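Q: Protein chains in written order, with the numbering used here: chain A, 1 to 271; chain B, 1 to 309.
No lab work stands behind these hints, which were simulated from the structure alone. Don't take each hint at face value.
[Said to hold, decoys possible] With a straight-line cut-off of 25 angstroms between C-alpha atoms, the simulated DSS-like cross-links for lysine-lysine are:
#1 Lys198/A / Lys228/A
#2 Lys134/A / Lys185/A
#3 Lys137/A / Lys23/B
#4 Lys14/A / Lys230/A
#5 Lys133/B / Lys212/B
#6 Lys134/A / Lys51/A
#7 Lys20/B / Lys138/A
#8 Lys167/A / Lys55/A
#9 Lys134/A / Lys21/B
#10 Lys14/A / Lys58/A
#11 Lys51/A / Lys225/A
#12 Lys225/A / Lys185/A
#13 Lys134/A / Lys277/B
#14 Lys133/B / Lys187/B
#15 Lys14/A / Lys4/A
#16 Lys134/A / Lys187/B
#17 Lys167/A / Lys260/A
#18 Lys21/B / Lys137/A
#19 Lys137/A / Lys216/B
#20 Lys235/B / Lys306/B
#21 Lys176/B / Lys58/A
#22 Lys138/A / Lys12/A
#23 Lys133/B / Lys58/A
#24 Lys21/B / Lys138/A
#25 Lys20/B / Lys137/A
#26 Lys260/A / Lys225/A
#27 Lys167/A / Lys43/B
#28 Lys230/A / Lys167/A
#29 Lys134/A / Lys216/B
#30 Lys23/B / Lys167/A
#31 Lys187/B / Lys156/B
#32 Lys260/A / Lys215/A
#33 Lys23/B / Lys138/A
#34 Lys235/B / Lys58/A
#35 Lys26/A / Lys268/A
#36 Lys235/B / Lys134/A
This one's a predicted model, so the numbers in the text were calculated from it and none came from an experiment.
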Amino acid sequence: MVEKDIEQLEEKAKQIRRLIIMMLVKAGSGHPGGSLSATDLITALYFHVLKHNPKDPKWPDRDRFHMSKGHCCPLWYAVLAESGYFSFDELWTLRQFGSILQGHPDRRTPGVDVASGSLGQGLSVSLGMSLAAKLDKKDYRVYCLLGDGEIQEGNVWEAAMACAHFKSDNICAMLDYNGFQIDGKVCEVMNLEPVAAKWKAFGWHTMEIDGHNMKEILSAFDEAKKVKGKPSIVIAHTTKGKGVTFMENVCDFHGRAPTKDEAEKALKELE
Amino acid sequence: MAEMLYQRDVYGKALVELGKKNKDIVVFDADLSGSTRTSFFAKEFPERFFNFGVAEQNMMAAATGLASCGKTVFVSTFAIFAAGRAWDQVRNSVAYSGYDVKIVATHAGISVGPDGASHQALEDIALMRAIPKMNIIVPCDGPQTREAVIACIDIKGAFYIRLGRPKVPTVENKGKFEFGKAQVITKGDDATIIACGIMVNEALAAAENLAKNGIKVRVINVHTIRPLDQDVILKAACETRGIVICEEHTVIGGLASSVQEVVAENNPVKVLCLGIKNRFGQSGSPSELLKEYNLTSFDIEEAVKKVIS
């Protein structure tokens with residue numbers, strides 16, 4: 001990995017953040033905070049790691065990505081459009097009647113295999129995909145993005161137990177640990193700590209990184225590929241609303257779209 | 001004496017048969033494989049069987065992920081857990097994404113018996129029917145269980161197939177099974193009995209007794225709750241003087257509701273429903289419980305007399 005590639009990914013992430021802001025201001029509702037916090041992770045994944053073909057979204061040997069924290073779909077839609085799954089024009093229809101970009105992801109979007117939105121189910125969905133790869137003796141990998149508030153759901157821990165039990169080493173989960181959920185700070189609403197110890201105890205190869213550092217993100221994905229016999233999780237310490245100063249660590253922006261003025265200010269910052 | 005079969009035995013054997021022909025069939029269970037009989041498949045095809053432990057929510061969502069990669073996934077546990085415990089996963093993962101996940105739930109209804117109310121799913125059809133696009137079959141006996149399981153493979157999308165715990169008598173002369181087509185088992189223009197599952201046999205016994213009194217009853221086995229065979233139901237509504245609906249399920253949201261909705265919208269006739277009415281189940285033998293909850297052939301006879309009086 002040369003310095004130039006890292007810079008390119010960083011520039012790409014900035015572009016994705018711009019798209020997220022533009023989509024959300026047009027839509028008038030949606031979730032900027034968690035979309036921006038996971039942008040670096042998902043940009044690195046789609047533009048450097050994932051084996052996929054935007055011209056053939058159903059290519060059987062593709063790596064799978066599932067966004068379990070479905071409310072952050074503006075991020076997903078932005079990387080899909082930027083990858084070429086559909087035209088940028090679609091982005092400006094987010095959340096509108098008849099759009100292929102629903103308020104939470106479903107199968108009408110090219111590049112989305114399974115619906116999400118009801119939190120806690122995505123790691124299970126990913127486990128199913130991972131079992132399919134093993135059954136068909138294929139080497140594709142399965143990536144799953146989890147939110148920190150999301151892992152308060154019991155279903156996540158059922159899945160965590162099962163991924164380790166079935167030795168799903170083709171799974172790489174990512175935890176977007178931005179520290180906020182709708183009602184406030186995660187540690188105050190329902191504390192998750194010790195997070196890493198929990199995943200370790202459930203039998204996972206556990207990595208902790210700065211979720212905004214491209215080098216650390218890429219080396220975590222690399223490390224996960226080398227792990228045999230157990231699933232991997234990247235616990236990414238992130239900042240909610242990352243990249244837009246007035247959104248950073250502001251709980252209100254979990255689920256509120258920017259106003260026109262705010263969007264203008266945000267886009268200036270992301271130039 | 002009619003042949004007596006466990007529907008789940010038939011299901012287990014059908015899975016093995018299908019598994020031999022179709023390598024894309026995968027089976028999931030949640031620590032009840034002995035009871036649901038998915039253990040037969042597990043023994044034959046261990047690499048295509050996954051036990052999820054006591055974690056039904058994870059199992060349902062994982063089935064969706066696996067099915068999204070082209071597999072046909074049979075998912076089994078008791079009806080109370082399949083439809084109740086994992087409802088959100090069935091709605092938001094299984095049905096919404098619409099891949100080939102076939103839920104075959106056993107131990108449905110009051111006839112579960114001694115285990116009591118916590119294990120007697122009396123709301124599962126209602127829960128599944130409320131979900132868009134969920135196909136629902138309630139086979140009436142052993143052979144029909146096999147036919148339903150085979151039929152669902154060739155139809156894309158999510159299924160809920162409801163089976164019971166006890167041995168059930170095989171219903172004679174019901175004709176060929178066709179998904180979505182109700183079976184008219186006896187002819188008659190005085191009254192209609194519409195039933196599903198183990199109640200079909202009770203309905204036939206009632207019809208036989210009523211015939212002795214000169215009341216000719218049309219008995220219809222509505223094995224497919226969705227898509228519902230509206231034509232056969234409306235024909236009966238036109239041609240007979242009243243309808244009695246029987247199911248081993250709450251009268252809210254299941255077969256009774258399905259039939260009443262069609263009749264009320266198109267051709268209102270007098271309808272009486274036999275089912276569970278605002279009560280939980282309890283421990284007892286299946287026959288004691290069917291009696292306590294007014295689901296015997298005698299109760300059906302009385303209801304028919306009332307509906308045409």
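Q: Confirm or reject each hint.
A: Each hint, compared with the structure:
Only pairs whose Cα atoms come within 25 angstroms are accepted, and Lys198/A paired with Lys228/A is accepted, the gap being roughly 20 angstroms. Taken as a hint, the Lys134/A and Lys185/A pair is broken in the structure, with Cα atoms around 39 angstroms apart against an allowance of 25 angstroms. The straight-line distance between the Cα atoms of Lys137/A and Lys23/B is roughly 13 angstroms, inside the 25 angstroms bound, and the hint therefore holds. Distance hint between Lys14/A and Lys230/A is unfulfilled; the C-alpha atoms sit about 33 angstroms from each other, more than 25 angstroms.
Distance check on the hinted pair: Lys133/B and Lys212/B sit about 42 angstroms apart at the alpha-carbon level, beyond 25 angstroms; violated. In summary, the hint linking Lys134/A to Lys51/A is supported, as the alpha carbons are separated by about 17 angstroms, within the 25 angstroms threshold. About 22 angstroms separates the Cα atoms of Lys20/B and Lys138/A, which keeps this hinted pair within 25 angstroms; it holds. Only pairs whose Cα atoms come within 25 angstroms are accepted, and Lys167/A paired with Lys55/A is rejected, the gap being roughly 32 angstroms.
Note on Lys134/A and Lys21/B: the hinted pairing holds, with a Cα-Cα distance of about 20 angstroms set against a maximum of 25 angstroms. Distance restraint check for Lys14/A and Lys58/A: the Cα-Cα separation of roughly 28 angstroms exceeds the 25 angstroms cut-off, and the hinted pair is therefore not satisfied. With a C-alpha separation of about 13 angstroms, the suggested pair Lys51/A and Lys225/A falls inside the 25 angstroms cut-off, and the hint holds. At most 25 angstroms may separate the alpha-carbon atoms for a hinted pair to count; Lys225/A and Lys185/A exceed this at roughly 32 angstroms.
A distance of roughly 48 angstroms separates the Cα atoms of Lys134/A and Lys277/B; the hinted pair therefore is violated under the 25 angstroms criterion. A threshold of 25 angstroms between alpha carbons decides the hint, and for Lys133/B with Lys187/B the separation of about 32 angstroms lies outside it, so the pair is violated. Our distance criterion of 25 angstroms between C-alpha atoms is met by Lys14/A and Lys4/A, whose separation comes to about 15 angstroms. A hinted pair counts as satisfied when its Cα atoms are at most 25 angstroms apart, and Lys134/A with Lys187/B does not qualify at roughly 53 angstroms.
Between the alpha carbons of Lys167/A and Lys260/A the distance comes to roughly 48 angstroms, so the proposed pair goes past 25 angstroms and is violated. Restraint check for Lys21/B and Lys137/A: the C-alpha separation of about 20 angstroms stays at or below 25 angstroms, so the hint holds. Of the supplied pair hints, the one linking Lys137/A and Lys216/B is violated, its CA atoms being roughly 60 angstroms apart against a limit of 25 angstroms. For the proposed pair Lys235/B and Lys306/B, the alpha carbon gap of about 21 angstroms is at most 25 angstroms, so the pair holds.
At roughly 38 angstroms between alpha-carbon atoms, Lys176/B and Lys58/A are farther apart than 25 angstroms, so this suggested pair is violated. Proximity of Lys138/A to Lys12/A is assessed by CA-CA distance (about 30 angstroms); at most 25 angstroms being required, the pair is judged violated. A threshold of 25 angstroms between alpha carbons decides the hint, and for Lys133/B with Lys58/A the separation of about 23 angstroms falls inside it, so the pair holds. This hinted pair checks out: Lys21/B and Lys138/A have alpha carbons roughly 22 angstroms apart, not beyond 25 angstroms.
Restraint check: the Cα-Cα separation between Lys20/B and Lys137/A comes to about 19 angstroms, which is no more than 25 angstroms; the hinted pair holds. Pair hint Lys260/A plus Lys225/A does not hold up; C-alpha atoms about 42 angstroms apart against a cutoff of 25 angstroms. Between the alpha carbons of Lys167/A and Lys43/B the distance comes to roughly 21 angstroms, so the proposed pair stays at or under 25 angstroms and holds. As the CA atoms of Lys230/A and Lys167/A are separated by approximately 5 angstroms, the hinted pair is consistent with the 25 angstroms bound.
Among the hinted pairs, Lys134/A with Lys216/B is inconsistent with the structure: their alpha-carbon atoms are about 58 angstroms apart, more than 25 angstroms. Under the criterion of a C-alpha separation no larger than 25 angstroms, the hint pairing Lys23/B with Lys167/A is consistent with the structure, at around 22 angstroms. Distance check on the hinted pair: Lys187/B and Lys156/B sit about 34 angstroms apart at the alpha-carbon level, beyond 25 angstroms; violated. Among the hinted pairs, Lys260/A with Lys215/A is inconsistent with the structure: their alpha-carbon atoms are about 34 angstroms apart, more than 25 angstroms.
At roughly 15 angstroms between alpha-carbon atoms, Lys23/B and Lys138/A fall within 25 angstroms of each other, so this suggested pair holds. Between Lys235/B and Lys58/A the CA atoms are separated by roughly 45 angstroms; this puts the pair beyond 25 angstroms, and the hint is violated. With a C-alpha separation of about 17 angstroms, the suggested pair Lys26/A and Lys268/A falls inside the 25 angstroms cut-off, and the hint holds. Distance restraint check for Lys235/B and Lys134/A: the Cα-Cα separation of roughly 51 angstroms exceeds the 25 angstroms cut-off, and the hinted pair is therefore not satisfied.
Hint violations for this structure: numbers 2, 4, 5, 8, 10, 12, 13, 14, 16, 17, 19, 21, 22, 26, 29, 31, 32, 34 and 36, all remaining hints satisfied.
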